[in-house]
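Going down the list, the sequences are from chains A and B.
Everything in the first sequence is counted per our numbering, starting at 1 for the first residue and increasing by one.
Everything in the second sequence is counted per our numbering, starting at 1 for the first residue and increasing by one.
Some hints could be false.
Straight line, CA to CA, 25 Å or less: simulated DMTMM-like cross-link-like pairs of lysine to aspartate or glutamate [what the hints assert, rightly or not]:
| id | chain 1 | residue 1 | chain 2 | residue 2 |
| --- | --- | --- | --- | --- |
| 1 | B | Lys435 | B | Glu526 |
| 2 | A | Lys28 | B | Glu547 |
| 3 | A | Lys28 | B | Asp575 |
| 4 | A | Lys117 | A | Glu204 |
| 5 | A | Lys118 | A | Asp47 |
| 6 | A | Lys117 | A | Asp197 |
Don't read these hints as lab results, they were simulated from the structure.
Every value quoted in this text rests on a predicted model; they were computed, and no experiment measured them.
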Amino acid sequence: MSEAVLTDSGDVLPGGGDGVVADFSADKQTFQVPWGKAMMWFFLLSDTFIFGCFLTSYMTVRMSARDAWPVPSEVFALSFGGDPIPLILIAIMTFILISSSGTMALAVNMGYRGERKKAFWLMMATAAFGVMFVSMQAFEWTKLIVDEGVRLWSNPMGAAQFGATFFMITGFHGLHVSVGVIYLIVTGLRVRSGYYDRTRGNYEMVEITGLYWHFVDLVWVFIFAFFYLW
Amino acid sequence: MAYVAIADRDHEQELHDPTTFITKYIWSQDHKVIAIQYSITAMFVGLVALGLSAMMRLQLGFPDSFSFITPTDYYQFITMHGMIMVIFLLTALFLGGFGNYLIPLMIGSRDMVFPYMNMMSYWVYLVSVIVLLASFFVPGGATGAGWTLYPPQAILPGTPGSELGILLMLVALALFIVAFTMGGLNYVTTILQARTRGMTLMRMPLSLWGIFMATILGLLAFPALFVSAVMMTLDKVAGTSFFMPAILSMGETMDHEGGSPILFQHLFWFFGHPEVYIVALPAFGLVSDLLSTHARKAIFGYRMMVWAILAIGGLSFIVWAHHMYVSGMNPYFGFFFATTTLIIAVPTAIKVYNWVLTLWQGNIRMTVPMLFAIGFIFTFTHGGLTGIFLGNVVVDLPLSDTYFVVAHFHMVMGVSPILVVFGSIYHWYPKITGKMFNQTLGKLHFWITFLGTYAIYLPMHYLGFLGVPRRYYAMGDTEFMPESAFTLNQGITISALIVGAAQFIFLYNIIVSLKKGKDAGSNPWEATTLEWQTPDTPPKHGNWGPELPVVHRWAYDYSVPGCRDDFIPQNMAPDDVPMAADSVSQSPDVGTHGSEGETDGPDGEPVA
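Based on the sequences and whatever the hints tell you, model everything.
Have a look at this one:
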């Protein structure tokens, strides 16, 4: 079933599936990453289940709703003088959020190179993109609430569940972005002041912040697909 | 970056050495203090729930005799009893209490990986308990929707506590989930990343495997409860219709329309069924260690035990709809969920057989923890067998919402884990306090509790067959209930009151023994696992003195042939093991546990 493997140091390790188990359970850290990073991965796994439940509930509610569901390309259209352009605002928001992942990745790189100043400014750029995203979301909410009369509990365009799920899920995601902005600013200021040189001697904290930020971006891609494109 | 064992690192774990009374005992970051804080809070709130069950039994046994128990009160007691016992007592006690205390000690670490977050976990938990208990005192009282909180009735006027009680319940649950997440991330990361040298995963005591898997289940299952709590809060406060269909209530049409009550049931049970195993898996793990230690024998089939824990954990996510057979479901779903449900019986049965075979030909010491552990095998087998009845759709339909169900889940996830809780508290009490408890009182506590639970729950199975519905305030005069059912209810009530009172023996014992107990020494049970090998008893801040322990063997080297003692601590090097014949200097052949049929590695651990 499995062949034993002789290592350089003379230990005999079992091969095959048993070898995988032996290696995974061996006398070492299970994942060769810092503790904080491992913990962030576990948290994000848990958070994935939260968003998964939200989106699954949204799909169920959308199917059980009795009134017609509004057409997203009409609801989320903006006109600049001429004909309304479908999904234009959301396209810009998505572009901004994806770009912020780019600056975040650069910041992680600069952090590991020890270029504190560049890392700080890149993180501030990421945070600024985040703020822009939340502001545009606020604009979108205002348009829906004030101009079009959509409420959590009612919706002149059709099913009341549209407003309920939309505000709940994008609100929960916006909350994640806002927390991420605060997280970025705190970590960024500590990077600038050299706090991590004094306490840890490395800049893995930038990467851990980045993990969270990329996750929030990834979740947005799913919300975008399920809410705006369906 | 090359791997450096934790013990060899320059900068060891950051420890915040406590200086004042407040940082030492109140805002403490020490996992042992946090564990004790968690345990005391959980036991206190558990006592409240015990009191509630006594009130319910008084009403059921002697209806119309107690004017202070109104129907409204009764439903509030039922709801709060269930929610407190399942979440705020058992989950908190097993993971926050035992998890916190045992994980760092058993893996040879100085503390959890993030002590500050661990501290925050307790304080948020305390807030959630306070919010929960506060709901008794708000206008309208606590929620009376039943512990499953099914909408629409949970938030409709007319249900007790539909004003503020239900909101406080949902807030308390959300806070508990936040607290659990902070703790749970710590437990998982600590077990995976901070083990001492030599402690492979397959050398860990089964206690840790159980706690580890239960924590993972919690991290993946509580999100569903969190989401349903958020949505129900919005239904209640903002008038949304996630769970609320069009409803005629008290002759008036409600504003709600188009929601799906079944959606809540799916979300709730996607959390609720793993929750059963969040409570059961730590109990499985702890009881394995109790049985092995007090039977002086290696646990039978260690690797199968580990795989069974993992298999049960995985399967627990695809069985949830067996709680919903009567909710209306596509018959093929019923077929699927009945099948997966019955498959869980396989790994569970493996565990029960292995516990029994661990006792087989063991050198059993009938200590108090051992009594509780053996009692657990009885109650768990019993409750598990009735679970096979209820897992089948056709058998479940007539038995659903009767006392048969009440008897089943109390045997399998009420009594059984609680027996393990008692056994484990007795087992680790000497390490936690340094004192030995009173054995006679402990045995008295066991026999009253164990026999009493059978006196309570066996008759309930019969009531269930008669068709006596659960959750009813009073049965009244009905055709199908014979006189004997009412007499039985009185008997159950009297047994329940006696068992409830017996728990004060336990409290008296552990409180008085703090002062009057004899000094226990560092390893009174002659156990092998690391927590019994600490330099100080109770362990000091940082647990291990200057050097972290090094692990040389698995956790179950009991009664190894040829050795002087019948146990070899995990941190004893092969050359140091004292032999039966002192002149023999070669290291013992710890690799032969012939009777178990294990393949053992050079250090006595099973080779994966």
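The hints, checked one at a time:
1. Lys435/B / Glu526/B: holds (15 Å)
2. Lys28/A / Glu547/B: Given that 25 Å is the threshold and the Cα spacing comes to 18 Å, the pair holds.
3. Lys28/A / Asp575/B: Since the Cα atoms of Lys28/A and Asp575/B sit roughly 23 Å apart, the hinted pair holds (cutoff 25 Å).
4. Lys117/A / Glu204/A: holds (16 Å)
5. Lys118/A / Asp47/A: violated (30 Å)
6. Lys117/A / Asp197/A: holds (13 Å)
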